[in-house]
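Going down the list, the protein sequences come from chains F and X.
For the first sequence, counting from 1, position 6 maps to 6 in the working numbering; every step adds exactly one.
For the second sequence, counting from 1, position 16 maps to 16 in the working numbering; every step adds exactly one.
By construction, these hints were calculated from the structure, which means they are not laboratory data.
Check each hint, because a few of them may be wrong.
To be verified - Each pair of labels, with its calculated beta carbon distance range:
hint : chain 1 : residue 1 : chain 2 : residue 2 : range
1    : X       : P65       : F       : T55       : 24 to 32 Å
2    : X       : P83       : F       : K14       : 26 to 34 Å
3    : X       : R3        : F       : K89       : 15 to 23 Å
4    : F       : K87       : X       : A43       : 43 to 51 Å
5    : F       : P85       : X       : D81       : 21 to 29 Å
6    : X       : N5        : F       : K40       : 24 to 32 Å
7    : X       : G140      : F       : S105      : 33 to 41 Å
8    : X       : G140      : F       : D39       : 39 to 47 Å
9    : X       : K150      : F       : G86       : 43 to 51 Å
10   : F       : G88       : X       : K56       : 32 to 40 Å
11   : F       : D39       : X       : M11       : 17 to 25 Å
A virtual CB, placed ideally from N, CA and C, is assigned to each residue, including glycine.
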Amino acid sequence: MAEARKSMIKIKPKKYKTGDIVKVDFIVIHPMDTGLIKDKKTGEIKPAHYIDNITFSFDGKPFTTMKVWETVSTNPYFSVNFKVPGKGKITVDYTDNTGEKNSKSKKLKPKD
Amino acid sequence: MKRRNFIKSMMAVSAVAVTPVALMAKEEAKAKKKGPNDLTVEAAITAITGGKEVKKSDKIKLTVPEIAENGAVVPVKIEVDHPMEEANYVKAIHVLNTKNGNARCVDVMLTPANGKGYFATRVKLSSTQEVVALVELSDGTFIKAGKSVKVTIGGCG
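Could you put the whole structure together from the sequences, leaning on the hints where they help?
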């Protein structure tokens, strides 16, 4: 089984209350290969390998979905806003074109 | 410590990624390889809107660098001045480009829970071209904004 990918969810600002709109940044280590470039060492085309779908959920309920293409930079960064409904967990589920599935979560702890 | 190591490893990987991708653009231009996802911006817009009229709108604040030092990592930020209420909200933000083989970068489907019509990412641009933000509102209308990014590959100025 493949190693889980390294990724990070950052919430900005660090201190927030219920009802505040925070910034949710998601960064993941991924080559985002287009399938058009040759590997310098082997001379072979590196097959396309890129994240293609992302779902952001809060306590299991999706609030943002993304269709991602190979034109996005390597080790991609995605940022959206989210209105804090209260204490709970943000989960980012993502897949890539090889069928690899991964997930990352972060708890929201509003300082009410 | 864990976080610091994570950021370090990310930076190391990004540093390695820079040079090959800068050369990539030149190689790609020579080879004119066709990718399976290739689509022109006109075709992408038609596919997304179903042929509906799309007007340019000041409501969209599109932030991109005038000159991209590195075409492999071009920051794009989109902010739409529009409510995010149950009956009236920014339904989707489509980030497109005008000269890559595949004009599509990201399709972001938002909901009122987002609070604001905002999205940011970093994209690859093969050459000097426009980044286009195509926005769909919940009433089914489309608006857009576009900005040119000058891409200098390798070296200064």
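Hints, one by one, checked against the model:
no.: 1; hint: X:P65 with F:T55: 24 to 32 Å; verdict: holds (29 Å)
no.: 2; hint: X:P83 with F:K14: 26 to 34 Å; verdict: holds (27 Å)
no.: 3; hint: X:R3 with F:K89: 15 to 23 Å; verdict: holds (19 Å)
no.: 4; hint: F:K87 with X:A43: 43 to 51 Å; verdict: holds (45 Å)
no.: 5; hint: F:P85 with X:D81: 21 to 29 Å; verdict: holds (24 Å)
no.: 6; hint: X:N5 with F:K40: 24 to 32 Å; verdict: holds (28 Å)
no.: 7; hint: X:G140 with F:S105: 33 to 41 Å; verdict: holds (34 Å)
no.: 8; hint: X:G140 with F:D39: 39 to 47 Å; verdict: holds (45 Å)
no.: 9; hint: X:K150 with F:G86: 43 to 51 Å; verdict: holds (45 Å)
no.: 10; hint: F:G88 with X:K56: 32 to 40 Å; verdict: holds (39 Å)
no.: 11; hint: F:D39 with X:M11: 17 to 25 Å; verdict: holds (23 Å)
Checked against the numbered hints above, the structure violates none of them.
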